[in-house]
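Student: With the hints as constraints, model all of the structure from the sequences given.
If you want the building blocks of each chain, they are given just below.
2 protein chains.
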Amino acid sequence: MVRISSSLVLVVALVSAPCRAVWPNPKAMTTGSTFLQLSPSFTINLAVTSPPSDLTAAVARTKGFLATDKLERLVPGRGSADSAKITAAKQLARLTVSLASGSAVTSISSEAVKALGSRVEAYNLTVPADGSDATLKAQTSLGLLRGLTTFEQLWHTLGNATYTTSAPIAIQDAPAFPYRGFMLDTARNFFPVADIKRTLDAMSWVKMNVLHWHVVDSQSFPLVIPGFEELSTQGAYSPTKIYSVADVQDITSYAAARGIDVIVEIDSPGHMSVISKSHPTLMACVEATPWSNFAAEPPAGQLRMASDDAISFANAMFKAAASIVPSKYFSTGGDEVNSNCYTQDTVTQAALKSKNLTFEQALSNFVSGTHKSLATAGKTPVVWEEMVLDHTITLPNTTVVLVWQSSTNAAAVAKKGFQLVHAPSDFFYLDCGAGEWLGNDIGNSWCDPFKTWQKMYSFQPFQNLTTAQHSLVLGGQNLLWAEQSDASNLDSIAWPRSAASAEIFWTGANQPNGVPRNSTEALPRLHDIRFRMVQRGVKAIALQPEYCALQPSKCT
Amino acid sequence: MVRISSSLVLVVALVSAPCRAVWPNPKAMTTGSTFLQLSPSFTINLAVTSPPSDLTAAVARTKGFLATDKLERLVPGRGSADSAKITAAKQLARLTVSLASGSAVTSISSEAVKALGSRVEAYNLTVPADGSDATLKAQTSLGLLRGLTTFEQLWHTLGNATYTTSAPIAIQDAPAFPYRGFMLDTARNFFPVADIKRTLDAMSWVKMNVLHWHVVDSQSFPLVIPGFEELSTQGAYSPTKIYSVADVQDITSYAAARGIDVIVEIDSPGHMSVISKSHPTLMACVEATPWSNFAAEPPAGQLRMASDDAISFANAMFKAAASIVPSKYFSTGGDEVNSNCYTQDTVTQAALKSKNLTFEQALSNFVSGTHKSLATAGKTPVVWEEMVLDHTITLPNTTVVLVWQSSTNAAAVAKKGFQLVHAPSDFFYLDCGAGEWLGNDIGNSWCDPFKTWQKMYSFQPFQNLTTAQHSLVLGGQNLLWAEQSDASNLDSIAWPRSAASAEIFWTGANQPNGVPRNSTEALPRLHDIRFRMVQRGVKAIALQPEYCALQPSKCT
Numbered sequence: 001m002v003r004i005s006s007s008l009v010l011v012v013a014l015v016s017a018p019c020r021a022v023w024p025n026p027k028a029m030t031t032g033s034t035f036l037q038l039s040p041s042f043t044i045n046l047a048v049t050s051p052p053s054d055l056t057a058a059v060a061r062t063k064g065f066l067a068t069d070k071l072e073r074l075v076p077g078r079g080s081a082d083s084a085k086i087t088a089a090k091q092l093a094r095l096t097v098s099l100a101s102g103s104a105v106t107s108i109s110s111e112a113v114k115a116l117g118s119r120v121e122a123y124n125l126t127v128p129a130d131g132s133d134a135t136l137k138a139q140t141s142l143g144l145l146r147g148l149t150t151f152e153q154l155w156h157t158l159g160n161a162t163y164t165t166s167a168p169i170a171i172q173d174a175p176a177f178p179y180r181g182f183m184l185d186t187a188r189n190f191f192p193v194a195d196i197k198r199t200l201d202a203m204s205w206v207k208m209n210v211l212h213w214h215v216v217d218s219q220s221f222p223l224v225i226p227g228f229e230e231l232s233t234q235g236a237y238s239p240t241k242i243y244s245v246a247d248v249q250d251i252t253s254y255a256a257a258r259g260i261d262v263i264v265e266i267d268s269p270g271h272m273s274v275i276s277k278s279h280p281t282l283m284a285c286v287e288a289t290p291w292s293n294f295a296a297e298p299p300a301g302q303l304r305m306a307s308d309d310a311i312s313f314a315n316a317m318f319k320a321a322a323s324i325v326p327s328k329y330f331s332t333g334g335d336e337v338n339s340n341c342y343t344q345d346t347v348t349q350a351a352l353k354s355k356n357l358t359f360e361q362a363l364s365n366f367v368s369g370t371h372k373s374l375a376t377a378g379k380t381p382v383v384w385e386e387m388v389l390d391h392t393i394t395l396p397n398t399t400v401v402l403v404w405q406s407s408t409n410a411a412a413v414a415k416k417g418f419q420l421v422h423a424p425s426d427f428f429y430l431d432c433g434a435g436e437w438l439g440n441d442i443g444n445s446w447c448d449p450f451k452t453w454q455k456m457y458s459f460q461p462f463q464n465l466t467t468a469q470h471s472l473v474l475g476g477q478n479l480l481w482a483e484q485s486d487a488s489n490l491d492s493i494a495w496p497r498s499a500a501s502a503e504i505f506w507t508g509a510n511q512p513n514g515v516p517r518n519s520t521e522a523l524p525r526l527h528d529i530r531f532r533m534v535q536r537g538v539k540a541i542a543l544q545p546e547y548c549a550l551q552p553s554k555c556t
Numbered sequence: 001m002v003r004i005s006s007s008l009v010l011v012v013a014l015v016s017a018p019c020r021a022v023w024p025n026p027k028a029m030t031t032g033s034t035f036l037q038l039s040p041s042f043t044i045n046l047a048v049t050s051p052p053s054d055l056t057a058a059v060a061r062t063k064g065f066l067a068t069d070k071l072e073r074l075v076p077g078r079g080s081a082d083s084a085k086i087t088a089a090k091q092l093a094r095l096t097v098s099l100a101s102g103s104a105v106t107s108i109s110s111e112a113v114k115a116l117g118s119r120v121e122a123y124n125l126t127v128p129a130d131g132s133d134a135t136l137k138a139q140t141s142l143g144l145l146r147g148l149t150t151f152e153q154l155w156h157t158l159g160n161a162t163y164t165t166s167a168p169i170a171i172q173d174a175p176a177f178p179y180r181g182f183m184l185d186t187a188r189n190f191f192p193v194a195d196i197k198r199t200l201d202a203m204s205w206v207k208m209n210v211l212h213w214h215v216v217d218s219q220s221f222p223l224v225i226p227g228f229e230e231l232s233t234q235g236a237y238s239p240t241k242i243y244s245v246a247d248v249q250d251i252t253s254y255a256a257a258r259g260i261d262v263i264v265e266i267d268s269p270g271h272m273s274v275i276s277k278s279h280p281t282l283m284a285c286v287e288a289t290p291w292s293n294f295a296a297e298p299p300a301g302q303l304r305m306a307s308d309d310a311i312s313f314a315n316a317m318f319k320a321a322a323s324i325v326p327s328k329y330f331s332t333g334g335d336e337v338n339s340n341c342y343t344q345d346t347v348t349q350a351a352l353k354s355k356n357l358t359f360e361q362a363l364s365n366f367v368s369g370t371h372k373s374l375a376t377a378g379k380t381p382v383v384w385e386e387m388v389l390d391h392t393i394t395l396p397n398t399t400v401v402l403v404w405q406s407s408t409n410a411a412a413v414a415k416k417g418f419q420l421v422h423a424p425s426d427f428f429y430l431d432c433g434a435g436e437w438l439g440n441d442i443g444n445s446w447c448d449p450f451k452t453w454q455k456m457y458s459f460q461p462f463q464n465l466t467t468a469q470h471s472l473v474l475g476g477q478n479l480l481w482a483e484q485s486d487a488s489n490l491d492s493i494a495w496p497r498s499a500a501s502a503e504i505f506w507t508g509a510n511q512p513n514g515v516p517r518n519s520t521e522a523l524p525r526l527h528d529i530r531f532r533m534v535q536r537g538v539k540a541i542a543l544q545p546e547y548c549a550l551q552p553s554k555c556t
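Read top to bottom, the protein sequences are chains A and B. The first sequence runs 1 to 556 under the UniProt record's numbering. The second sequence runs 1 to 556 under the UniProt record's numbering.
Because the hints were derived from the structure by calculation, they are not lab data. Do not take every clue at face value.
Chain copies aren't distinguished; within one or between two, either way the pair holds.
In silico DSSO-like links for lysine-lysine, alpha-carbon gap of 27 Å or less [stated by the list, open to error]:
#, residue 1, residue 2
1, 277, 554
2, 27, 241
3, 70, 353
4, 319, 415
5, 85, 277
6, 241, 70
7, 241, 554
8, 241, 197
9, 137, 70
10, 197, 114
11, 328, 85
12, 90, 554
13, 137, 241
Tutor: Structure follows, in structure tokens:
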């Protein structure tokens with residue numbers, strides 16, 4: 001009941017059993033071929049004086065996963081052929097976890113929200129073959145968290161045994177890029193806090209470190225902002241579909257304890273229609289029809305960015321919103337500003353005339369104002385690419401720019417000297433391929449086709465950039481726009497595909513030793529982390545028939 | 001962050017609030033505009049002497065859903081604007097459920113597995129506006145089940161009230177087609193019994209009545225067949241990934257109690273490679289490489305259909321497998337038989353020579369043998385279209401033919417006089433659009449793009465058929481091939497899309513009164529059944545932002 005596409009190129013590849021199942025691939029890793037078991041009394045010795053509570057919790061989670069993952073090796077027979085070797089293997093009784101001498105003892109959470117580029121995530125991990133103590137060392141608690149995450153992936157189960165086939169193991173690891181993100185839109189459809197936390201869990205397992213939280217949009221405003229409660233009271237889908245200040249703190253602290261910075265986005269001025277419910281006079285072209293003349297998607301409605309009361313409102317709102325999140329970054333969005341909406345709006349036209357400003361000048365003033373407001377709250381602004389490519393807005397080069405329209409636009413952003421995050425729709429949009437969601441449209445979506453993990457994994461972070469521009473690439477991210485998603489399909493649409501970008505931006509433009517990335521090499525490891533996610537309750541989808549998962553070389 | 005495709009046609013449609021939220025649309029339905037509540041003491045009076053236990057259970061399920069669905073109307077404010085009307089509404093205290101006078105009292109389960117065309121599913125349902133008893137009547141328990149399912153969909157929640165806006169309601173309903181199916185492949189990846197049961201639940205909510213169970217394939221053999229236990233012992237992915245005889249009985253009885261017939265498929269002789277694990281001498285071209293020369297997908301391996309021992313094996317196996325399922329139907333499959341596999345197989349070539357048969361003659365004999373074996377077990381055979389379109393096999397016109405390669409092939413099957421089931425890959429394949437699953441292939445799958453619900457819903461069951469051929473159309477089905485699916489994404493890939501085919505084959509080629517089907521009319525109702533499924537624990541995906549779900553006319 002299948003046809004194989006005619007474009008299929010047959011390549012018979014030899015892939016060995018996945019003794020190296022770590023995802024993302026460490027910067028440097030050597031493995032042996034000695035079997036080693038975890039002792040039934042295996043323990044993790046946290047040799048840190050007065051360890052921070054989030055580090056203690058991370059160690060406890062690792063111990064939990066070692067006990068409960070129960071993931072058999074993805075080989076025919078699931079490892080049973082090695083039963084005798086496993087039984088006879090030496091036992092590892094202890095992993096000693098310590099900070100490098102002289103390191104200050106600080107929490108994972110505090111390191112996770114430092115400025116990009118200053119977070120220290122490196123670690124060294126060794127697992128001797130003779131049963132002597134394994135060691136994990138780092139300069140920071142955050143580095144130790146990353147090492148613990150790697151340690152969890154070294155082990156598989158057969159019966160009651162938890163073992164590796166690959167001792168001794170030595171890993172020296174550090175991320176290639178400081179920004180490895182996942183964007184979640186919680187405005188088109190709402191996601192309960194528990195689902196966001198589960199996503200943070202999965203992100204941490206593949207060492208992603210930024211949740212770009214597109215929390216509100218034209219359709220709903222679920223975020224409670226102190227002093228601006230009316231926005232969510234009147235703009236949320238329902239009183240239960242709201243993120244309270246306590247929820248936000250819960251999410252940001254849960255994330256930080258897992259090494260993840262939460263960058264909140266309030267997308268202005270183009271994606272704000274719902275604000276009209278509580279502040280109608282601040283808004284232009286609210287629900288104007290046909291919506292496609294006024295907005296990228298329904299409903300139309302933009303903030304009157306040239307009007308003083310709207311400017312004051314925005315500045316105060318951004319300052320208040322910034323106060324409830326620990327990140328040093330905050331996104332003001334700025335994509336898809338529709339000029340026709342303002343052209344048709346008499347209030348905006350009157351304001352422009354009275355101030356003697358062009359549309360572009362007014363927009364520039366508006367953005368500068370919100371950014372200044374964020375600066376007073378200690379935040380560095382993040383914007384979508386249109387802010388620097390399509391408008392004449394003066395922004396400092398500290399601004400972080402998200403490239404989304406096309407991967408090829410990264411070069412233009414870099415040429416202007418901005419730090420950039422790769423978020424291209426042609427590689428990393430998780431929602432592409434599900435068809436057009438407008439009710440009467442039978443066709444496919446603008447960003448079809450579906451982005452396979454192989455497509456995502458083929459992304460080249462330095463493509464079309466000069467060597468001097470490489471340092472402008474902060475990293476990249478997968479993105480889930482939620483027009484056709486909610487908690488029902490969050491896991492299956494996000495995982496394991498998002499692990500592809502996680503590896504690109506952790507391991508680097510190439511694999512270790514300059515070897516080009518290769519989906520044939522990656523597939524067994526990706527299967528492994530996918531099966532591990534399922535064991536941990538994240539409903540990551542099957543990439544292939546189980547027949548292939550156990551012997552990927554037979555399915556190329 | 002979206003672009004709207006340039007092919008978008010703007011149509012502003014006026015869609016009223018979904019007072020008519022039933023899916024599939026009944027054959028005839030009239031509604032009023034009077035509000036009516038369910039009384040807090042609402043009860044269902046089953047006025048049937050000695051009711052069968054599955055009917056009693058169906059009534060209990062309906063009472064349960066009325067209490068637990070708690071689905072608010074999908075309108076802005078979720079119905080709160082009608083609070084006063086709801087509070088003031090008359091109360092319905094009782095639904096009386098009865099069989100038409102003179103009807104024999106038989107179970108849902110027995111009716112559900114009768115021959116296609118002889119099952120009686122019709123029912124009449126009335127809900128007066130004045131609070132007097134609602135009535136549900138049918139000739140069979142199965143008809144009563146269908147009516148109870150409709151009754152559940154009439155009600156929405158506001159606060160503690162369960163109400164309708166549309167009394168009085170009168171429904172006369174019966175299906176347009178006898179076969180309304182869902183195909184599940186449990187061989188590429190395994191699905192636990194609980195997931196199959198949840199799928200049966202969802203199927204029953206939209207009045208689907210056939211689970212076409214593609215239980216085994218070349219990759220794994222999870223089915224325990226009495227006398228042939230070695231097939232699953234050696235061919236299942238693991239000892240826990242097996243359907244025991246008790247599991248099969250559990251599934252078929254659970255299905256039958258919900259009005260669903262389970263048609264099992266053992267796809268022969270082309271999709272049987274895994275049988276080589278227990279019966280290597282019966283198989284040709286096992287795991288031959290490159291697999292694409294020998295099979296539609298890996299691994300290669302076909303039953304030696306010309307060899308006497310393989311023929312004997314197949315005949316006995318089909319007879320034994322047929323014995324464990326109540327359905328009057330059983331599928332021998334027959335798609336994608338690879339002739340090169342047999343050409344290259346010396347054992348097959350020797351058998352053909354010694355019997356003086358061509359490949360086609362031998363295949364015909366083989367199929368006739370397995371069908372004869374099924375006939376002795378009381379089963380009517382089901383086959384894929386190649387058996388009648390691509391081979392010179394003499395099959396009786398009672399054979400049911402599944403059309404899959406293209407919707408346009410239905411005409412050729414009908415021309416040969418066969419009864420057919422629409423299962424076309426270009427409309428009803430749920431798995432299309434997720435990209436190629438072969439490890440090293442970055443591209444898209446052969447049946448891309450994704451089949452949207454709108455595409456599915458546009459299917460015309462009588463296209464290219466003469467009026468005389470209409471009676472050959474038994475119905476149609478959605479299909480889930482599981483190369484990239486398992487329990488993780490079963491709900492989200494299947495629902496609510498599969499409801500589209502459910503309505504086509506229940507309600508008919510057109511909507512009631514000959515009105516053409518129209519996705520704009522359907523969308524609010526589809527949202528409603530989707531939200532109801534979510535309330536009941538089936539993770540059906542969001543079709544649109546909630547903003548649009550509450551006012552679909554604003555999102556066209």
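Student: Could you tell me which of the numbered hints above are not met by this structure, giving the numbers in increasing order?
Tutor: 2, 3, 4, 11, 12, 13
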